[in-house]
Amino acid sequence: MQAEPGHSLPEQALRRHSKDIRLTFPSSPLSVRRALQTIIADLQDLELEERGSVELVLAEVLNNVVEHAYGTEERGWISLECTSEPDGLHFRIRDEGRPMPEDTPPMGAPSPLPERLEKLPEGGFGWFLIRDLSRDVLYQRVGEMNELTFRINIDTARRAN
Amino acid sequence: MHLSTRTERDATIITVDAARIDAAVAIRFKDLMRDLAEGRKGRIILDLGKVDFIDSSGLGAIVAAMKQLEKGQKLELAALNANVDKVFRLTRMDTVFAIHDSLGSAVAGHAG
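If you read the protein sequences in the order shown, they are chains Y and U. The numbering of the first sequence is this note's numbering, which starts it at 290 and goes up by one. The numbering of the second sequence is this note's numbering, which starts it at 2 and goes up by one.
With the rest of the complex left out, here is chain U (with noise of 0.2 Å):
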């Protein structure tokens, strides 16, 4: 597991260079955001283009990682493929996540 930052405009953008987020994983995802996150300010937006598996364990991760988040920091989600959005929206976690088609309109700031 490895995540990639960088910043752009006002936001800064985590990329998950990885394929899966399942449960062999979920708990250093959810420490490597933390650290990653330490000390941004404002949007935090997670680019989730590469990853083509997402288990309940990593859901959950995802969830923790908004759930640790410093004063002023907000987490959005971007770039969903069809089978990682498939899980956010059958356990309705895409009602709790702003989330963008694309990393280009999630930057440009506004959802779809």
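Isolated chain Y (complex conformation) (with noise of 0.2 Å):
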């Protein structure tokens, strides 16, 4: 027996499956962006201040990953899962450049800004940002690979309508 088309598959599991996202690039920074842009293409249900929060995490996380686990002289890859959950949105990166150094992410506490102008920090927000828009923020070395699991609230009382 063979099933109507368009039912062969719950509506749940389809829309489920459209969340489901793999992505693999390499490191460079106009990769990134076009990464970014195909992923928040495939998020458009997403409230728009949802959509923004992922992809500020996501492009200080892959920024990371090509300015210092690779280095802007080396090439390698990176790759991009992502999968909806009823808790948010679950991501993982990974790559195969250098470690973090001791094998652990920044805690990114933000330092109080300075009075004077001139000492006004111009980096080191990324982490401060990851940490404050993701949750459960886990990192691992395994082999020669680095993998970042981090979660993304949304908002699932409204996505299940």
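Treat the hints as calculated values from the structure; they're not laboratory data. Beta carbons: idealized from backbone N, C-alpha and C, even for Gly. Fair warning: there could be bad hints in the mix.
[Claimed, not checked] Under the rule of at most 20 Å between Cα atoms (straight-line distance), these lysine to any residue pairs were calculated in the SDA-like manner: (1) U:LYS87 <-> U:ALA19; (2) U:LYS68 <-> Y:PRO410; (3) U:LYS68 <-> Y:GLU362; (4) U:LYS75 <-> Y:GLY413; (5) U:LYS75 <-> Y:GLU404; (6) U:LYS87 <-> Y:GLY413; (7) U:LYS72 <-> U:LEU37; (8) U:LYS75 <-> U:ALA99.
[Claimed, not checked] Some chain Y residues near chain U, calculated using beta-carbon distances under 7 Å: (9) PRO318; (10) LEU319; (11) ARG322; (12) GLY341; (13) ALA348; (14) GLU349; (15) ASN352; (16) LEU409; (17) GLU411; (18) GLY412; (19) PHE414; (20) GLY415; (21) ASP421.
[To be verified] Taking beta-carbon pairs under 7 Å as the criterion, some of the chain U residues facing chain Y (in silico): (22) THR16; (23) ALA38; (24) GLY61; (25) VAL64.
Two chains, each in its own frame: build the complex with the hints.
Next comes the structure, spelled out in structure tokens:
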């Protein structure tokens, strides 16, 4: 017996499937930009602010891989997986670059802003933003690979409707 | 990345004609800002109305643009979209810059 077209999978499964994303791309700022645009296009049913948070956290994580794990001179691949779960979007980012210093992701506490203009920091905001906007950040060195997993809360009650 | 410049009243307006100030363009943005600000006097209003995404590299480039100003110049920001505004608020950089809701209110010279 053949299922009617469009009824072979429950709607929920289809919706969930449409949120699962896998991307692999080279380590470069422009590849990161294209990867972000691909992911954001796939998350069009999120609220604007949620989409903004996802894009910002992913940008910071991926820029760190480009700038620190590989460094600007080195070539390598970055893989990104995203799955939608009841408690939000779960991400897994992997690369084959250098491990994080002391095998620990930075805490990213904001430093107090200095009074003097010339002392203002021009960097160091990345990990603060990642920590602020995501949950369950876990870093592991797996063989020759870095693996960072984290979750971003989204409004699941609204999505279920 | 393209920036366009014009003068209105006493202010120089620099409009970012791009949807993103991110890691891919941060250094170019900072260099363009230095070139465009050179020799100007007084207020320089950065119009971010077309920008819908900024990351920490872009934020750092805007901070750098402010730090490289000449004596007598002042950098103010206008027309931040929600996601751009959020990055300034989370990093508390909203306390460092004069931020105007719109280009109109920025040119008129009062905050908000």
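Hint-by-hint comparison with the structure:
| no. | hint | verdict |
| --- | --- | --- |
| 1 | U:LYS87 <-> U:ALA19 | holds (18 Å) |
| 2 | U:LYS68 <-> Y:PRO410 | holds (10 Å) |
| 3 | U:LYS68 <-> Y:GLU362 | violated (28 Å) |
| 4 | U:LYS75 <-> Y:GLY413 | violated (24 Å) |
| 5 | U:LYS75 <-> Y:GLU404 | holds (16 Å) |
| 6 | U:LYS87 <-> Y:GLY413 | holds (17 Å) |
| 7 | U:LYS72 <-> U:LEU37 | holds (15 Å) |
| 8 | U:LYS75 <-> U:ALA99 | holds (9 Å) |
| 9 | PRO318 | holds (4 Å) |
| 10 | LEU319 | holds (5 Å) |
| 11 | ARG322 | holds (5 Å) |
| 12 | GLY341 | holds (4 Å) |
| 13 | ALA348 | holds (4 Å) |
| 14 | GLU349 | holds (6 Å) |
| 15 | ASN352 | holds (5 Å) |
| 16 | LEU409 | holds (5 Å) |
| 17 | GLU411 | holds (4 Å) |
| 18 | GLY412 | holds (5 Å) |
| 19 | PHE414 | holds (4 Å) |
| 20 | GLY415 | holds (5 Å) |
| 21 | ASP421 | holds (6 Å) |
| 22 | THR16 | violated (21 Å) |
| 23 | ALA38 | violated (15 Å) |
| 24 | GLY61 | holds (4 Å) |
| 25 | VAL64 | holds (5 Å) |
In this structure, the earlier hints numbered 3, 4, 22 and 23 are contradicted, and the remaining ones agree with it.
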